[in-house]
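Q: So the chains spell out like this:
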Amino acid sequence: MSTLGINVQSVDKSFGRGDARTVVLKKTGFVAETGHLTMLIGPSGCGKTTLLSIIAGTLHADGGIIEVLGQRLDQMRGNAIAKFRARNLGFIFQQFNLIPTLSATENVSVPLVIQGLSSTRAERKAREVLEWVGLSDHADFLPAKMSGGQQQRVAIARALVHEPPIILCDEPTSSLDSENGRHVMDLLRQAATQRECLVLVVSHDNRTYRFADHMAEMEDGQIFRTLKTKDEIRTHHPPGV
Amino acid sequence: MIRIGLKMLFGDRGKYVMLISGITFSTLLMAQGMALFCGLMTWTYSSLRNMRAPIWVTDPKVEQCNDSKPMRDTDITRVRSVDGIAWAVPLYQGISMAKLADGSAKMITLIGLDNDTLIGAPTKIIAGRLEDLRMPNTVVLDDLGVERLSEGRERPIGIGDIFEINDREARVVAICKSYRSFTGGPFVFTTYDRAILYAPNQRKMLSFILVAPQPGLSDEALARRIAERTGLGAFTHDEFKWSTVMWYVRNTGIPINIGTIVIIGFIIGAAISGQTFYSFILENTRHFAALRAMGASSGELSAMILSQALIVGVIGYGTGLGLVSFLGNNLLRLGKVPFLMLWQITAIVGAAVMIIVAISAVIGIVRIARLEPAIVFR
Ligand SMILES: Nc1ncnc2c1ncn2[C@@H]1O[C@H](COP(=O)(O)OP(=O)(O)OP(=O)(O)O)[C@@H](O)[C@H]1O
Ligand SMILES: [Mg+2]
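Listed in order, the protein sequences are those of chains A and B. Sequential numbering of the first sequence, starting at 25, is according to our numbering. Sequential numbering of the second sequence, starting at 808, is according to our numbering.
With the rest of the complex left out, here is chain A:
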């Protein structure tokens, strides 16, 4: 197995204490490879977002090994993880999370600014990526002036602008209609194949399953099956059902 990519082994995570304690992840293992779009699916509340947050280093696991791009996140401390994230991870959130008072270009430039680029250079790069997602004519729009699909494409541009090797998405299509959802998934696939990224998508939405190269199925905090080929995916999740 490649050491680059994501390699999570026997991770535990629970929330709360005493009677209120809920165990979400139990010795969970999970693997994803560069150059592929891996989809993480499972019923609501099974722990997908929790696992994604742990991989992103925004949530601390109670125990286990979390190796991302060959680095042990579980052994890193606060600011080192922040630096690691700034360099290596791109994020796409369900609710877009664009800053409403910044234009599309400015929003996209944020990860570069965090890395310390000047705003002029960051915005030049941002415009290029906006063009790639087909939004060059909306570069100066505020998020409120754009449709949900356009906003999510801005978010994709933001996730890609600093050319991170890994892109993490939590239900990127669930607040979009199918047309826009397809467009977004197309872009994410291209990111994986053309840009050689590791794209990890948490999804509920079976219309998006056909975009997956690999699929990890989760239930009760465990990955119970991993599908490694398009055929397998199609067999277990026939399109149009």
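Heads up, simulated DSS-like pairs for lysine-lysine below, C-alpha to C-alpha not over 25 Å straight-line: (1) B:K1048 / B:K1143; (2) A:K107 / A:K149; (3) B:K931 / B:K1048; (4) B:K931 / B:K984; (5) B:K814 / A:K107; (6) B:K906 / B:K1143; (7) A:K252 / A:K50; (8) B:K814 / A:K169; (9) B:K913 / B:K931; (10) B:K814 / A:K149; (11) A:K149 / A:K169; (12) B:K822 / A:K169.
If you only want the chain A side, here are some residues facing chain B, beta carbon under 8 Å, derived: (13) T82; (14) F117; (15) P124; (16) V134; (17) P135; (18) V137.
By construction, these hints were calculated from the structure, which means they are not laboratory data. Ideal Cβ positions, reconstructed from N, Cα and C, are used throughout, including at glycine.
Since chain A is already given, all that's left is putting chain B with the ligands on it; use the hints.
A: Just chain B with the ligands now, with coordinates in the frame of chain A:
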């Protein structure tokens, strides 16, 4: 990062305006209160400013320049006998009543200047001649006096016009400018001997002795020497000024009243801007969390919040000060309210605003530091 933070703030018009207004209002209240206080305090020692003498000799019990406990006329000889004195002249200061044309009476501060030298006479004569004070029954009126004593006359009182002080005739020979007094009565200048005639009969009339040292001798040294040799009170100009101001601070409710205004200004500013800033942070929690998730460090986010608070503070402070000086220079001066803007006031208010800003920023920073960046996925 800071640019992004400021854009976040400027974009939120409502909150931005609210924050600035809070600081502006607070600055206005604090600076206005302090300027009012300082202005009022300058009124308390207007006698010192009007009569300008290096050293003021008084009865030993006198603490402030509006309270004259008369000395004996022989005291002036005793003071003159102290060596190192260039000159020492008597001064009468007292409250009298001036009768107007319509028969009503107005309070005035009557000043009697040394007959020969007229030391302590006003310097800014706007009409008439000061020297004419040597003619019988003559007085010099300040411009406030013109205003007050003109009531009931067809045209304002002027040179050659006559009014009565305690039923004795007084003819105006000059109009001068003077600093306004705390008691509000206009200054009326005449000679020492005539002042004694005008004033209600008292046994002793010598309010102050104005003294100057010979060249090479400091005011302080001579004042100490006079006090020691004569047992009288002796103050330099500055000592008397501060003694007067401190007397009013101790013996009137002015500091407490104005202090309350200033404190209310501070609390209002802190409350409005702290509260608004906190809700700004709360509303943007998701975005701060997203920035955190995208790899912004706590230090960067803190710098962002600090600069947001700082810019609001600076703009609000500037606007507030601008408003204060506008008010001070126009409205208040028309209404004859005391107003004295010192650089110390701007510095103190600036420091108070910085404290407000710091409190607001710290509240925000603590809030963001507690943030779980994982919430962006929820
Ligand atoms: N911060 C938290 N405190 C307490 N419980 C939490 C917290 N975060 C998640 N949980 C619980 O952990 C479980 C898994 O949550 P998670 O968000 O990972 O599920 P999910 O698979 O992403 O669900 P969905 O598809 O609805 O988004 C849920 O039961 C949830 O209530
Ligand atoms: Mg979820």
